[in-house]
Amino acid sequence: MGFREINSKMVEATVMPGQRLFSQRGAMLAYQGEVSFTPNTAGGQGGLMSMIGRRVANEDTPLMTVEGSGTVLFGHGGHHVQVINLSGDTLCVEADRLLAFEGTLQQGTMFLGSQGGVMGMVRGQISGQGLFTTTLKGHGAVAVMAHGGVFEIPITPQRPVHVDPQAYVAHHGDVRNKLSTALGWRDMVGRGSGEAFQLELSGNGAVYVQASEEKL
Amino acid sequence: MFRLQGSKVLAVDMTGDAVKAKNGSMVAYDGQMAFKKMSGGGEGLRGMVTRRLTGEQMTMMEVKGHGTCWFADRASEINLVSLQGDKLYVESSNLLATDAGLRTGTSFTGMRGASQGNGLFTTTVEGHGQAAIMSDGPAVVLRVSSQYPLTVDPGAYVAHQGNLRQSFQSGVTFRTLMGEGGGEAFQIRFEGDGLVYVQPSERNTIAGDV
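One line per chain: the protein sequences are A and B, in this order. For what it's worth, the working numbering labels the leading residue of the first sequence as 37, then goes sequentially. For what it's worth, the working numbering labels the leading residue of the second sequence as 735, then goes sequentially.
Heads up, a few of these hints could be off.
[Unchecked claim] Which residues of chain B face chain A? A partial, calculated answer using Cβ under 7 Å:
| id | residue |
| --- | --- |
| 1 | 742 |
| 2 | 761 |
| 3 | 896 |
Everything labelled a hint here was simulated from the structure, so no lab data went into it. Values in this document were obtained by computation on a predicted structure and should not be read as measured data. Just so it is clear, CB atoms sit at the ideal spot from N, CA and C, and this is done for glycine as well.
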């Protein structure tokens, strides 16, 4: 199981009976075999409460359930696709960047304010993430979309990484993030270097960064 | 010191030294970095006057520190150019980063600049070190020697280096005036000895319409 990269913008997934996949609605390009696509009004897993949670959090990107047996090709909008394999840790990603993920993963919504309180909310606003972000936890594979190529930077306790909020895609592992500012008097008088806000990620894990400062 | 991570991301390892990069092009860094805005067109009062007059306002920043810094801009392909005392001519919007030791300036391009839709001035990079230039799609490097002059479409031209003379060619004929042109009315011809970087995509130029 898992996702196989056909090229940088397309992934192939094998579906088998009893194993479900979730994907962004409309992201299917082609399929072989007996595969059914069911729109998922709940926007993902969990009961009514998680659905309400996602609605409130504005993380309710329309998803569909993919079931049956066969192979399915996914791709969307010509964006680059990166496959991330999770083995027990948690991936934080914006819902609209999710292309597809395996049903074995547990989906949840995280309130950014829970990490760093008010500054967490400010950070969400500045990085365009909003106040909430989607988490995926467990064992399985996730296909994430990004504009331009994606590269991975490992984070270790000795090596915190700073990321441009617009180029941030996702992160996994035991990572704390906080907004660091490099605001000086130059920014106030309009002579800033364009790098006033950065996400500082520290802990243990990895961050995925795209080669562009454009949102999807 | 400059290395490519994939084809669209430039990684720069720094140990207390500095690089110049396009404003806002940093995507990530580790270690300690400081960002400071600079202005193109050369240093000092003379540079300021040139910038005002030419409109070739390249807003760049100086990045200094210890660690690795990653740069990228709108998913453009990145090409590394190493300079050994020669001069690189590049449009400021195509310049991503240079070593701090390289001098940047402005030069007059004449009709070529106008035909590219980029204005009459272009940026020059001079000295010993490395520079990173951006192109829409992977660029090809074409060698020009005295026996083999090269003619390129102004919209696909990215940069050139070496000892090259450029002239502006027009293929405007009676047919063009009648609206029957082939879309290749203007070209730039390079003669001499050097390298020309060409991208597999054409900017919108006047030449493309006639």
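Status of each hint after checking the structure:
1. 742: holds, 4 Å
2. 761: Check passed: Cβ of residue 761 (chain B) comes within 4 Å of chain A, closer than 7 Å.
3. 896: Given a least distance of 29 Å, the restraint on residue 896 (chain B) is violated.
The structure fails to meet hint 3 from the earlier list, while all remaining hints are met.
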